[in-house]
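Asks: Note that the protein sequences, when read in sequence, are chains A and B.
Residues 1 to 291 in UniProt numbering are what the first sequence spells out, letter by letter.
Residues 1 to 291 in UniProt numbering are what the second sequence spells out, letter by letter.
Hints may be right or wrong, so weigh each one.
Note: identical chains are not told apart, hence a pair may lie in one copy or across any two.
[As the list claims (entries may be wrong)] Subject to a maximum C-alpha distance of 16 Å in a straight line, what follows is the list of computed EDC-like cross-link-like pairs (lysine to aspartate or glutamate): (1) Lys124 with Asp109; (2) Lys117 with Glu287; (3) Lys116 with Glu287; (4) Lys279 with Glu190; (5) Lys180 with Glu101; (6) Lys117 with Glu170; (7) Lys124 with Asp63; (8) Lys5 with Glu88; (9) Lys30 with Glu69.
Don't read these hints as lab results, they were simulated from the structure.
Protein chains: 2
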Amino acid sequence: MACIKISNLTKEYGKHRVLDNVSLTIEENKIYGLLGRNGAGKTTLLNLITNRIFQTEGTITIDDENVVENGAALEKIYFMTELDLYPEGMKVKDLFKWTKEFYSNFDTDYAMKLSKKFGININKKFKELSTGYSSICKIIITLASGAEILIFDEPVLGLDANHRDMFYKELVANYIDEPKTIILSTHIIEEVSEILEKVIIIKDGKLLGDKEVESLLGGAYLVSGSSENVGKYIANKKCINIETIAGFKEATIIGELSEEDNNQIKELGLETSKVELQKLFIHLTGEEEVK
Amino acid sequence: MACIKISNLTKEYGKHRVLDNVSLTIEENKIYGLLGRNGAGKTTLLNLITNRIFQTEGTITIDDENVVENGAALEKIYFMTELDLYPEGMKVKDLFKWTKEFYSNFDTDYAMKLSKKFGININKKFKELSTGYSSICKIIITLASGAEILIFDEPVLGLDANHRDMFYKELVANYIDEPKTIILSTHIIEEVSEILEKVIIIKDGKLLGDKEVESLLGGAYLVSGSSENVGKYIANKKCINIETIAGFKEATIIGELSEEDNNQIKELGLETSKVELQKLFIHLTGEEEVK
């Protein structure tokens with residue numbers, strides 16, 4: 001089991017409230033996307049879960065045990081951060097040995113296999129790796145850690161499209177081989193939308209949503225066609241975005257498509273389609289007002 | 001006019017050939033994607049075009065003038081690099097003034113307008129900006145530079161999805177307002193596929209392709225359906241990728257769909273669809289062999 005419960009979590013730095021009364025449960029053996037704009041509070045939340053910083057208010061438990069200064073609970077998690085916290089001067093292969101001292105289930109054979117697959121030179125010093133290979137090194141250590149909960153913070157920074165594709169496939173293979181709780185915090189949302197089961201969306205330190213991807217996407221749709229008829233259709237709808245090109249409009253509507261909607265759309269000669277996760281995210285977390 | 005001609009360009013570092021006999025013409029007033037894996041030679045090519053390094057062999061001209069130590073030719077280009085080459089300690093607003101000294105057409109009003117739009121604090125020192133805001137600052141300076149050729153090297157590094165979306169929209173608006181030659185080197189390919197007119201693909205220092213996006217995508221297609229029938233169909237085709245899930249296969253085929261192909265696909269109960277640019281890129285530049 002590896003379930004994280006967060007209750008009324010608040011974190012303040014002086015007068016600045018970075019996280020504001022967040023409550024949510026991260027269920028075991030699911031793949032979560034943690035989504036939010038830069039500065040929304042995602043990394044703060046992950047640092048609190050892993051007890052790298054202390055909350056101002058609220059509690060976090062892993063399998064009902066409080067995480068604060070609780071080594072046994074924290075050993076269940078491996079957290080791949082954006083920061084490099086490894087000892088100075090270590091080579092990639094030394095980092096594997098070093099990690100195994102803290103994570104006894106670390107799978108060195110698997111780490112070596114992944115190193116070959118991703119083409120990383122294990123005799124190179126970590127600090128001398130490019131942005132892309134530094135991310136790859138951290139990805140490999142996280143995947144091989146043997147922890148029950150894997151947290152990735154911006155894992156694909158600097159990775160080319162081929163390496164990103166390999167990472168997503170490896171992550172899914174790893175999960176299928178041994179189901180675990182996975183939290184992916186990333187800005188490259190559309191690429192991972194098919195991997196994620198649930199998403200947690202944070203906006204300005206507040207929890208905006210904690211939903212199955214399917215249900216989130218099912219709660220919105222696109223309507224497109226002539227500006228005039230799209231205008232008629234959206235008059236009484238909750239419309240969160242409109243794109244206009246010449247006499248053509250595409251509107252993003254929040255709500256489920258009823259039979260009545262479908263009839264009206266047909267009558268007006270409009271078309272409907274699905275919203276992409278990344279586009280929905282942009283609209284939900286954007287500042288722009290829709291007229 | 002702003003046309004770049006590259007002839008038989010080679011760059012070696014000792015025995016390592018980073019670029020190998022590349023010839024291509026970058027036509028004026030088009031939006032190019034420069035695509036390649038990490039280490040393929042993209043940044044080397046851009047550094048050569050902007051005369052930051054010297055070639056081993058070959059020539060580069062801008063509007064028929066050789067770029068080597070040619071200030072007048074080089075002033076036509078603004079190059080947004082991954083590296084930070086700005087003077088130490090400068091605030092964002094000071095960088096605007098500093099850039100105007102070298103680029104007399106720099107549009108300060110536009111830079112200020114963009115700063116507000118992207119939410120960047122112009123009184124902050126450049127070195128103190130986060131990865132995302134550092135990218136935004138460089139994007140703003142490039143867009144406002146007034147140069148005839150804008151080159152962006154990994155412009156969206158660290159940007160959240162909302163800021164990436166704003167950048168793409170602003171780039172298109174800028175281009176429509178005043179057409180210019182734009183080169184975008186990026187790993188986040190799928191998001192820009194609709195913006196690009198042409199793509200240049202580099203693999204291991206060699207030019208792999210220089211094509212209209214439409215013609216590149218038109219030269220490949222996906223075929224999917226039962227493993228057995230997909231297997232039958234691809235027997236005599238050039239297949240560059242196969243994905244298998246249970247009894248289902250999806251194959252990426254290089255070639256154009258003929259009438260005969262369409263008939264065979266229909267008979268076998270298969271379906272065809274378009275290839276995404278990023279997926280095609282991954283297959284074209286990948287190392288994996290297809291069986």
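Asks: Which constraints among the numbered hints does this structure fail? Numbers only, ascending.
Replies: Per hint list: 1, 5, 7, 8, 9 violated.
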